[in-house]
Amino acid sequence: MITSPRWSVQLRAVVRKEIRQTVRDRRIMFMLIVAPLLQTVVFGFAVDFQFDHVPTLVVDHDASAQSREHIRRLLADGTLRDAGHTTELGAVQRKLQTGDAAAALVLPEGLARAFAAQRAAEVQVILDGGDPNRAVVVAGAASRYFGEAAESMVKERLAAHGIAPPPLIRATPRIWFNPSLKTPPYMIPGVMTILLVITTTLVTAMGLAREREMGTLEQVLVTPIRPLFLLVGKMTPFLVIGCFDVLLVLTAGVWIFGVPLHGSLALVATGTVLYVLCTLGIGLLISTVSRTQQQAFLAGFLFAMPAILLSGVMTPIRAMPFWLQVVTTFNPVRYYIEVLRAVLLKGAGLVDIWWRLLALLGFGLALLTVASLRFHKRVA
Amino acid sequence: MSELSIEAVHLSRRFGSFLAVDDVSFSAARGEIFGYLGANGAGKSTTIRMLCGLLAPTAGEARVAGFDVKTAPESVKASIGYMSQKFSLYLDLPVRDNLDFFGGAYGLSGPDFAARADEVLRLCDLEHERDAITGSLPGGIRQRLALGCAILHRPAVLFLDEPTAGVDPVSRRHFWRLIRRLAREGTTIFVTTHYLDEAEYCGRIGLMVDGRLVALDTPAALKRRYVPGRVLSVRGRNLASAAASLRSRPGIIAVEPFGAGLHLQVAAENWNADSVAQALASAGAQAVEVESGEPTLEDVFLAVVARPREVRHD
Ligand SMILES: Nc1ncnc2c1ncn2[C@@H]1O[C@H](COP(=O)(O)OP(=O)(O)OP(=O)(O)O)[C@@H](O)[C@H]1O
Ligand SMILES: [Mg+2]
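As given, the protein sequences belong to chains A and B, one line each in that order.
Residue 444 is where the first sequence starts when you use the numbering used here, and the numbers rise one by one after that.
Residue 840 is where the second sequence starts when you use the numbering used here, and the numbers rise one by one after that.
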């Protein structure tokens, strides 16, 4: 028998070749290094679920000293911004349509008189429901303000009659982990997750397809290299680049957006390696079923889009219908984002997330096994 | 290790309902240059792929360098070199990186490998191209590099699938010098080509028609068998119509257009250059010049391809 060549030599040859090709390919380098940074910054600034200075039209039909005082105080807290005054309903509609205003505050005529006569009064808030998140913020701000205003009026009146105000129940929210409810700490782990799944999956899927297209795969397959080492060798550089990307995005997130680092970085690293194992495995699997780079690219996107949507990165999984929630349990992307958020924002330890890491490991190994089995078949 | 480097026994390969290689049997001895000829789609590359362990045969068996291609394809791969029909090295890498990678894939490393890589670069006359990006090299040099990558590990058998397609004549000659040298050193060469002048370099030639190996012998024996009689090459004007009238005359075996003129195959007892010239002139051809020549492999090829059915059954 011929002694089979040493696997370490073969593996080294594949890794070296893959690195050399990647370094020479400016497009891939851009995709792997510059794009992550750009995306972090863009996502960090643009995807902001926090709403400040929402442009609000003031429709003051009462035009009394009291109504003006209420408007002044309501706008003072900064959530709403004065976007002009009008008393015409048509103007309100126009401004909401053009987006110059996102809400309108309508104080009815006779508001001050109603207060004085101790009659109930109603203030109307008109909202642009096109952006539900923003609408909720405006409604919340308005009802909070008028609730407090009513409460203090009640107290004043009771005090005037010499009665002590009754004890009131008041909910005092105390927000943990992300007290100022900033969006970036929540979104940056999402950016890391999305980036990794897109870049690593696509790069590996297209990498093998390119070799098939160019004919180089045939030349490689006629060497005694074992498929497993070929696949592992092709993946290794991207595993390293994936971890580097995570470090890059995390650093940018901490510096620019104040993402907290509550948990252990070693756990983040472990999760990342296991997750990238999954995304690379999917990439390899795709590359075994696609003949051209174009097919591989398409298949990569067809996987990545639903995987991201069903991961909880954008929308909470609890808000999904039950059958979709079941589907998400087969989604490695979901486990990684959960690990990242738990470790970074909540300081979770291994005891809290071990089963998610285990799930990632399981998916990764299964995907790699299937990919290398499928790949082996094509050799024969 | 057996004396035979390649042994194919009733080898067949089917793609769906299409039989690309149909019951092919042959063998090649150590150090032999075995040529494989056939029209496009005849099944040459498919045969090579099966012998290299890239494609499983649907029927039949083959042993290459002593290993069964079905049961020990990886041992086969370790003992052969392969140049595919389509250039298939990494175009985006420099020459040395391609050598590095394929050397590593064959398990070569360390100072031994470095020395071997230098030796191959010298042998293939690539010393000045070492750092050039492969994609920037002209075709002839690329083919030498592909050969270099295929012989790094000193394979016992070398499969070359149209190694000189699209290469200029000087580079082709250079390339064949290398091949003959490797064969002298004991490497068995299995080569396909469309250049029939190159096929003359082969020890034996197999001719494929529609997936079947219809003829197999040395170039000289093939010529004797398929081009009996005398071959005359004819030049002149108005040859086509004159030749048509000649076709029916006794002793005319074949009339084939050849370049601007004709190749005539005639029975030696009935015809010679002068009598053919006279016959053509009286049939209306002008400025007729006839030279008697040796039959070429092209004559063989045309003879075999023109009547595949007859040949198949003998
Ligand atoms: N993977 C495949 N699937 C289906 N048909 C195939 C496949 N590979 C080859 N064929 C068909 O088998 C036949 C023989 O192909 P092959 O490549 O062996 O021919 P060839 O003699 O090498 O021709 P050429 O001179 O053009 O290279 C062709 O008709 C080809 O279309
Ligand atoms: Mg071919």
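Source of the hints: derived by calculation from the structure; they are not laboratory data.
Accuracy of the hints is not assured; some may be wrong.
As the list claims (entries may be wrong) - With a straight-line Cα cutoff of 20 Å, these simulated SDA-like cross-link-like pairs (lysine to any residue) come out: (1) B:K925 x A:L816; (2) B:K909 x A:L816; (3) B:K925 x A:M657; (4) B:K909 x A:M657.
Quantities reported herein were computed from a predicted structural model and do not represent experimental measurements.
Hint numbers not upheld by this structure, sorted from lowest to highest: The structure breaks hints 1 and 4; every other hint is satisfied.
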